[in-house]
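**Q** For reference, the chains in residue letters:
Number of protein chains: 2
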Amino acid sequence: MPKNPSPTLPLFVGVDVGGTNIKIGIVDDRGERLAYTKFPTQADQSPEKSLDRIKPVVQELLDDAGLKMEDVAAVGLGTPGPMDIGRGLILTPFNMPGWHNFPIRDALAKALDKPVTFANDANAAAFGEYWIGSGRQYCSMVLITLGTGVGGGIIIDDVSVDGAHSHGSEIGHICIDTGLDALVCPCGKSGHLEAYASATGIVNRAKEALRAHPESSMLDRNAEGSPLSALMVSESAEAGDELALQLVSETAMYLGRGIAQLAHVVDPEAFILGGAVDFGGADTALGRSFLDGILAEAKRLTFPVVAEELKVSFAQLESDAGYVGAAGMARTEFMKSASA
Amino acid sequence: MPKNPSPTLPLFVGVDVGGTNIKIGIVDDRGERLAYTKFPTQADQSPEKSLDRIKPVVQELLDDAGLKMEDVAAVGLGTPGPMDIGRGLILTPFNMPGWHNFPIRDALAKALDKPVTFANDANAAAFGEYWIGSGRQYCSMVLITLGTGVGGGIIIDDVSVDGAHSHGSEIGHICIDTGLDALVCPCGKSGHLEAYASATGIVNRAKEALRAHPESSMLDRNAEGSPLSALMVSESAEAGDELALQLVSETAMYLGRGIAQLAHVVDPEAFILGGAVDFGGADTALGRSFLDGILAEAKRLTFPVVAEELKVSFAQLESDAGYVGAAGMARTEFMKSASA
Chain A
61 MPKNPSPTLP LFVGVDVGGT NIKIGIVDDR GERLAYTKFP TQADQSPEKS LDRIKPVVQE
121 LLDDAGLKME DVAAVGLGTP GPMDIGRGLI LTPFNMPGWH NFPIRDALAK ALDKPVTFAN
181 DANAAAFGEY WIGSGRQYCS MVLITLGTGV GGGIIIDDVS VDGAHSHGSE IGHICIDTGL
241 DALVCPCGKS GHLEAYASAT GIVNRAKEAL RAHPESSMLD RNAEGSPLSA LMVSESAEAG
301 DELALQLVSE TAMYLGRGIA QLAHVVDPEA FILGGAVDFG GADTALGRSF LDGILAEAKR
361 LTFPVVAEEL KVSFAQLESD AGYVGAAGMA RTEFMKSASA
Chain B
61 MPKNPSPTLP LFVGVDVGGT NIKIGIVDDR GERLAYTKFP TQADQSPEKS LDRIKPVVQE
121 LLDDAGLKME DVAAVGLGTP GPMDIGRGLI LTPFNMPGWH NFPIRDALAK ALDKPVTFAN
181 DANAAAFGEY WIGSGRQYCS MVLITLGTGV GGGIIIDDVS VDGAHSHGSE IGHICIDTGL
241 DALVCPCGKS GHLEAYASAT GIVNRAKEAL RAHPESSMLD RNAEGSPLSA LMVSESAEAG
301 DELALQLVSE TAMYLGRGIA QLAHVVDPEA FILGGAVDFG GADTALGRSF LDGILAEAKR
361 LTFPVVAEEL KVSFAQLESD AGYVGAAGMA RTEFMKSASA
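Line order of the protein sequences matches chains A and B. Going by the working numbering, the letters in the first sequence line up with residues 61 to 400, in that order. Going by the working numbering, the letters in the second sequence line up with residues 61 to 400, in that order.
Everything labelled a hint here was simulated from the structure, so no lab data went into it. Hints may contain errors.
Using 35 Å as the maximum straight-line C-alpha spacing, the simulated DSBU-like pairs for lysine-lysine come out as follows [said to hold, decoys possible]:
1) Lys267/B <-> Lys170/B
2) Lys98/B <-> Lys267/A
3) Lys371/A <-> Lys267/A
4) Lys174/A <-> Lys115/A
5) Lys267/B <-> Lys170/A
6) Lys396/A <-> Lys128/A
7) Lys170/A <-> Lys359/B
8) Lys98/B <-> Lys359/A
9) Lys359/A <-> Lys371/A
10) Lys396/A <-> Lys267/B
11) Lys396/B <-> Lys396/A
12) Lys396/A <-> Lys98/B
13) Lys371/B <-> Lys359/A
14) Lys98/A <-> Lys359/A
15) Lys371/A <-> Lys359/B
16) Lys359/A <-> Lys359/B
17) Lys396/B <-> Lys371/A
18) Lys98/A <-> Lys115/A
19) Lys267/B <-> Lys174/A
20) Lys267/B <-> Lys371/A
Here are the simulated distance ranges between beta carbons [said to hold, decoys possible]:
21) Arg360/A <-> Ala367/B: 43 to 51 Å
22) Asn155/A <-> Ala367/B: 49 to 57 Å
23) Gln105/B <-> Ala342/A: 27 to 35 Å
24) Lys109/A <-> Thr68/B: 38 to 46 Å
25) Asp343/B <-> Leu291/A: 53 to 61 Å
26) Pro157/A <-> Met395/B: 41 to 49 Å
27) Pro116/B <-> Ala342/A: 40 to 48 Å
28) Ala400/B <-> Thr97/A: 47 to 55 Å
29) Pro287/B <-> Arg271/A: 29 to 37 Å
30) Ala367/B <-> Leu291/A: 42 to 50 Å
31) Arg360/B <-> Leu291/A: 33 to 41 Å
Built from N, CA and C at the ideal position, the CB exists for glycine as well.
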């Protein structure tokens with residue numbers, strides 16, 4: 061993390077609560093990342109313990125960077141859904157049993173004695189890319205994150221599409237296959253993008269494909285007993301395995317279908333792909349052909365004036381996106397209240 | 061049009077340019093409709109002629125209602141797409157050959173000497189329902205209009221989702237069937253909602269169904285030589301014709317699929333159905349069963365937390381929605397600039 065000799069005040073704290081870790085960062089008014097740390101969430105225990113740790117951690121981050129708590133104007137907080145943004149509640153995130161129905165926004169505001177802006181973690185990540193990442197030159201964008209699941213966020217003119225019931229931008233649940241043999245999504249419904257393009261979906265499709273093609277080198281990669289992963293599919297594809305290459309190009313096709321739906325509804329300036337599943341990213345031929353495949357399918361399915369304008373690229377902030385975006389959302393709120 | 065004895069100032073003029081008519085209305089600051097007229101668009105001739113007519117028409121409307129031009133704060137203008145909202149251009153609307161690439165926003169601003177807010181006509185209609193129609197109690201809503209085509213608009217917290225390239229909220233082009241035998245949309249792509257749920261789509265589906273069921277009473281209705289219409293399907297269904305009833309319930313199912321897609325992306329407070337195809341509307345058993353069918357299919361396809369919150373109802377403003385909404389958008393812009 062490069063130390064910025066003269067941060068632009070005021071400062072903002074971003075807190076990204078995940079099922080595994082709580083990430084905390086300090087950013088300045090331009091989005092420069094000044095300090096960062098993380099610690100385990102203890103998702104099965106009472107959240108008060110983790111909350112108690114946040115204040116000394118933030119103080120330590122500030123001290124180490126030669127910054128002052130009084131220069132922190134506001135705090136941004138991202139958590140997994142389902143949540144109730146208006147009431148500041150975490151509801152029932154899948155892998156955080158101890159935190160269910162916890163009024164986290166107000167608890168954090170009290171712990172830090174600062175105003176807290178509360179957001180869905182995926183929407184916060186989208187805001188991070190929008191503010192200082194791949195989306196910084198755009199006024200609107202859609203982030204699609206490919207990880208264990210498929211998530212994402214939609215930002216239009218500084219505003220995140222959170223939804224009236226905190227369920228906006230649930231991009232993983234766009235339907236891309238209406239057929240009777242469509243894959244079933246972890247949410248229980250059929251044909252959703254997440255069932256195809258998440259790491260889990262890719263592995264499931266790989267297992268199915270391997271039954272018909274046991275000659276694929278993907279099988280060698282998990283011969284040592286480690287379970288098949290999306291990374292193994294990616295590595296096999298990079299090594300030229302035909303079945304793996306086909307899985308990558310099918311994943312691109314499924315994403316293209318989801319993007320076509322979003323293009324007709326949102327018409328953003330650009331689509332940005334984040335998350336661990338990037339098939340090597342923009343620096344590899346495989347990653348670039350993945351982007352090309354997505355774009356080709358999306359163009360095929362949208363009407364010409366929309367197709368012409370489609371743009372797809374990879375995200376830049378990696379795991380920083382969540383806390384940076386949460387801080388950015390807090391900054392936007394702060395500027396609004398300052399000008400009101 | 062009820063005359064309001066004491067309109068709330070300032071006033072706003074709404075202009076809704078369609079392929080057939082130009083509708084012009086005066087509304088007050090609360091959205092009360094004070095005066096209204098319309099005249100033919102002359103879509104194949106130069107738009108300057110129509111523009112020249114607007115100023116005297118607005119003046120006459122004001123005079124007749126005892127209102128003054130100086131109390132008009134701003135003008136809202138809705139036109140069919142494709143368009144370039146940022147540059148104020150009509151581009152190439154299908155049925156307005158004489159108006160292609162006309163800088164209509166600035167021409168109207170010059171003609172009336174007032175600031176003009178420019179919008180897609182469907183998005184303006186959505187804003188009308190949002191401001192004073194079926195959506196007035198909501199902070200976000202999606203309007204779906206079923207007419208010759210399927211259009212609509214998305215409004216979130218006073219803001220219309222216009223899209224970065226003026227192609228946002230193109231709800232008719234959401235894909236609801238990914239199968240190889242999906243119907244082809246007038247835009248040339250397959251499986252789009254418009255191919256199924258527009259008046260044209262319903263008639264096409266009815267023709268296809270009648271081939272297998274020549275006993276249907278729908279055939280009697282066009283025995284006199286008038287071509288089959290969505291209204292005939294509606295009337296046959298109301299009279300109990302089984303095939304027509306099946307067409308209505310299938311139309312509901314297709315709309316439910318489109319709404320499920322939108323619910324996962326936008327999560328609005330409510331969905332509102334406008335346009336001529338309403339199968340009798342909220343006052344008839346058929347209209348209500350149409351809404352029930354839409355809701356049932358949308359709930360079946362969305363995940364539980366989203367399904368619980370789904371609401372669908374009919375629009376209220378009918379053909380006033382466009383000019384009222386355009387005026388409402390002008391009012392929102394005016395208030396923003398007044399407070400800046």
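**Q** None of the hints should be skipped; say for each whether it holds.
**A** Going down the list of hints, with the structure as the test:
Of the supplied pair hints, the one linking Lys267/B and Lys170/B is violated, its CA atoms being roughly 49 Å apart against a limit of 35 Å. For the given pair, Lys98/B sits about 63 Å from Lys267/A by alpha-carbon distance, which is inconsistent with the 35 Å threshold. Among the hinted pairs, Lys371/A with Lys267/A is consistent with the structure: their alpha-carbon atoms are about 32 Å apart, no more than 35 Å. Of the supplied pair hints, the one linking Lys174/A and Lys115/A holds, its CA atoms being roughly 11 Å apart against a limit of 35 Å.
Proximity of Lys267/B to Lys170/A is assessed by CA-CA distance (about 65 Å); at most 35 Å being required, the pair is judged violated. Using a Cα cut-off of 35 Å, the hinted pair Lys396/A and Lys128/A holds, with the two alpha carbons roughly 23 Å apart. With a C-alpha separation of about 39 Å, the suggested pairing of Lys170/A with Lys359/B is violated against the 35 Å cut-off. For the hint pairing Lys98/B with Lys359/A, the CA-to-CA distance comes to about 39 Å; that exceeds 35 Å, so the pair is violated.
Distance check on the hinted pair: Lys359/A and Lys371/A sit about 10 Å apart at the alpha-carbon level, within 35 Å; holds. Only pairs whose Cα atoms come within 35 Å are accepted, and Lys396/A paired with Lys267/B is rejected, the gap being roughly 56 Å. Between Lys396/B and Lys396/A, the direct Cα distance comes to roughly 13 Å. Compliance with the 35 Å bound is thereby established for this hinted pair. Straight-line distance between C-alpha atoms of Lys396/A and Lys98/B comes to about 41 Å, which puts the hinted pair past the 35 Å bound.
In summary, the hint linking Lys371/B to Lys359/A is supported, as the alpha carbons are separated by about 32 Å, within the 35 Å threshold. Proximity of Lys98/A to Lys359/A is assessed by CA-CA distance (about 40 Å); at most 35 Å being required, the pair is judged violated. With a C-alpha separation of about 32 Å, the suggested pair Lys371/A and Lys359/B falls inside the 35 Å cut-off, and the hint holds. For the proposed pair Lys359/A and Lys359/B, the alpha carbon gap of about 30 Å is at most 35 Å, so the pair holds.
At roughly 31 Å between alpha-carbon atoms, Lys396/B and Lys371/A fall within 35 Å of each other, so this suggested pair holds. Only pairs whose Cα atoms come within 35 Å are accepted, and Lys98/A paired with Lys115/A is accepted, the gap being roughly 13 Å. Restraint check: the Cα-Cα separation between Lys267/B and Lys174/A comes to about 65 Å, which exceeds 35 Å; the hinted pair is violated. Taking the CA atoms of Lys267/B and Lys371/A, the gap is about 40 Å. The hint is violated against a cut of 35 Å.
In this structure, Arg360/A and Ala367/B break the distance hint of 43 to 51 Å, their C-beta atoms being roughly 31 Å apart. For the hinted restraint 49 to 57 Å between Asn155/A and Ala367/B, the CB-CB distance of approximately 23 Å leaves it violated. In this structure the supplied range 27 to 35 Å is violated for Gln105/B paired with Ala342/A, their Cβ-Cβ distance being about 51 Å. A beta carbon spacing of about 55 Å between Lys109/A and Thr68/B contradicts the range 38 to 46 Å that was offered as a hint.
At about 59 Å, the beta-carbon gap between Asp343/B and Leu291/A stays in the expected band of 53 to 61 Å. One distance hint, 41 to 49 Å for the beta-carbon pair Pro157/A and Met395/B, holds here, with the actual separation near 47 Å. For the pair Pro116/B and Ala342/A, the beta carbons lie near 59 Å from each other, so the given range of 40 to 48 Å is not met. At roughly 40 Å, the beta carbons of Ala400/B and Thr97/A sit outside the given window of 47 to 55 Å.
A hinted range of 29 to 37 Å is violated for the C-beta pair Pro287/B and Arg271/A, which are about 53 Å apart. As the Cβ distance of Ala367/B to Leu291/A is approximately 35 Å, the hint placing it in 42 to 50 Å is violated. For Arg360/B paired with Leu291/A, a C-beta distance near 35 Å keeps the hint of 33 to 41 Å intact.
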